[in-house]
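> Each chain, letter by letter, is given below.
2 protein chains.
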Amino acid sequence: MGNNYCVIMAGGVGSRFWPFSTDECPKQFLDFLGTGRSLLQMTVDRLEGIVEKKNILIVTNKRYKGKVLEQLPGIDERQILTEPIRRNTAPCIAYATYKIFKEDKTANIIVLPSDHLITNTDEFRRIVTEGLRFVSLNDALLTLGIKPTRPETGYGYIQFGEGGGAVKKVKTFTEKPNLEMAKVFLASGEFCWNSGMFIWNVQTIVKALQMELTEISDVFANGMTIYGTNEEQEWIDKMFPTVQSISIDYGVMEKAQNVYVMLADFGWSDLGTWSSLYDLTPHDAEGNATAKGKGVFYGGGNNMAVVGEGETVVADGLEGYLVAHNNGIILICKKDDEKRLKEIVNEQTK
Amino acid sequence: MGNNYCVIMAGGVGSRFWPFSTDECPKQFLDFLGTGRSLLQMTVDRLEGIVEKKNILIVTNKRYKGKVLEQLPGIDERQILTEPIRRNTAPCIAYATYKIFKEDKTANIIVLPSDHLITNTDEFRRIVTEGLRFVSLNDALLTLGIKPTRPETGYGYIQFGEGGGAVKKVKTFTEKPNLEMAKVFLASGEFCWNSGMFIWNVQTIVKALQMELTEISDVFANGMTIYGTNEEQEWIDKMFPTVQSISIDYGVMEKAQNVYVMLADFGWSDLGTWSSLYDLTPHDAEGNATAKGKGVFYGGGNNMAVVGEGETVVADGLEGYLVAHNNGIILICKKDDEKRLKEIVNEQTK
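Protein sequence lines correspond, in order, to chains A and B.
Taking the numbering used here, I'd label the letters of the first sequence as residues 1 to 350.
Taking the numbering used here, I'd label the letters of the second sequence as residues 1 to 350.
For the record, the hints were derived by calculation from the structure and aren't laboratory data.
Be a bit skeptical, because a hint or two may be false.
The list treats identical chains as interchangeable, and a pair is accepted whether it falls inside one copy or across any two copies.
[As the list claims (entries may be wrong)] In silico DSSO-like cross-links for lysine-lysine, where the CA-CA straight-line distance does not exceed 30 Å: (1) Lys238 <-> Lys65; (2) Lys168 <-> Lys294; (3) Lys342 <-> Lys54; (4) Lys334 <-> Lys294; (5) Lys255 <-> Lys339; (6) Lys342 <-> Lys294; (7) Lys339 <-> Lys294.
Next up, chain A with everything else stripped away, as it sits in the complex (with noise of 0.2 Å):
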């Protein structure tokens, strides 16, 4: 078996969650439960007795390197890949790859997310390290699905077919259903979440990026000579902005043949909402929730603050709201109408 290597997908941008995420803060450096870690180093703190700190790559925009060199101390500045612009997952997942092949060509790799939250943490190590084990004997893309636990039409869906245990074959990626379909999906127990978590050996995401995605890989695949060397960062600037920005479900996962998927449960979350935010916070009776701070909701329910540490939101008569105050702005929203809130953000972040 060979070492194992996470890499972190950091690179993520937008304002879903103005007023606390902003371009210059996204939502990966955010501490969104109060507990005092970001979402990324809580992404670091689950590796710990699964990858060693030395073997996690960080991948990120530039102008984000300063902010993750800062909110993970224990990691080195060679092992933060900034990328110059944004090409999707498989750019960037081809350039990490290649740059842990030049160093160790048996690595077990685990791919994530640096924005996604997961309560379970004993569950997930016991998952990623049964999944690094099935990797290593097997030459299979797997990705991580979600057992799901309600018609969500926020997700994309993975159809499984045959396998005994926990993984599975797969046999088709699916967009976003809208709730007819995902009541179907639910239903037929042949469905999970995809949670854009995947764990391979390099010798098999390798050829899976030859195979599939030929010219990025021959890209990053010419720059083994590079990585390591003083160069490296200039070449990858000149480089990333020629490359086709393409997903790698797109690009790989929905096209490669050995493509399997270990079904999960620890608590998972891609917070892609406000409202998804609220379902993981507890609630009291009135269905009010707090998330940070403190919030005190008389007269109305199903609202969520979200305000500074040691501030509290004092509402009368709210029902179905977010109360959400940082960085100079408090926001007052109905929670759950995605759509208003956009427009809303747009107009005050133009």
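Knowing the structure of chain A, use the given hints to seat chain B on it.
Leaving out everything else, chain B in the frame of chain A:
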């Protein structure tokens, strides 16, 4: 004509404007409209050209002495009269009256609350100057009455009788009326709002105190040998709690025979409620107002933002709400429901 003096009553407590006003920092010390000057500071500013700074006395509770000194750097410590406990307005005025009487037997005195708002300073000065002239020539207890613009139920009213000019003889003082009664008052043209501002010569008020509130008057008259000495505070601390707690309106104005009212119209509000602050704040077409900070209200009207300088409220779908942020508290409540607000504030500040 004697010298002009002013007594500013700055002992008020209360948390009606919580989370801005608190027991530690009552309303008079707040910069309500984001002008950079507190209500107390504006009260002093307004006297320029009418009363010399050295002739201004501030009566306040002991605990606020430091705050007064801090906010009024031009005021000497000896000009601050500190009450050990609250005893309503009559003892406060009696104490200040005999202090002034010791110093100047012909003084003309204006008595002002420290927590009212007046928007037309020129007109205030014109009225007060005229009032001072009137009381220097007449043995009259003069009160300033505000020309009513609406059937307000939050104020006391004064019914006035004959008198050709701006000064009218007072017929009766009334308690806060119900709406029916307030409408009748307004329609009659014989009533004005009781502003709680008084003008009189020191001889006149000393005589009235001796006549109507003999016990209180005797106590503070006895202090005349002590005022200005090192024993003053100790003596006040001992004597103040022994006197009756009573308002000057009830104790003197409603009983004396020589009570007059001068009609004034200088943009006055006692700022008794959030609604009264809203009324004074410019509104946009939807009735949304920002008293402090910035308010952006989507899909709803008649809201008011009172937040920190440089802060912005971004709210969707609120109607008739107050959003206030201060001291770690974000208050979101119907701005016109005083009763509800009081319950909430009581519960939150107990």
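> Give a verdict on every hint.
Verification of the supplied hints:
| no. | hint | result |
| --- | --- | --- |
| 1 | Lys238 <-> Lys65 | within (18 Å within a copy, 67 Å between copies) |
| 2 | Lys168 <-> Lys294 | neither (44 Å within a copy, 55 Å between copies) |
| 3 | Lys342 <-> Lys54 | neither (39 Å within a copy, 58 Å between copies) |
| 4 | Lys334 <-> Lys294 | both (18 Å within a copy, 20 Å between copies) |
| 5 | Lys255 <-> Lys339 | neither (33 Å within a copy, 66 Å between copies) |
| 6 | Lys342 <-> Lys294 | both (25 Å within a copy, 20 Å between copies) |
| 7 | Lys339 <-> Lys294 | both (27 Å within a copy, 24 Å between copies) |
Taken one by one, the earlier hints fail for this structure at numbers 2, 3 and 5, listed in ascending order.
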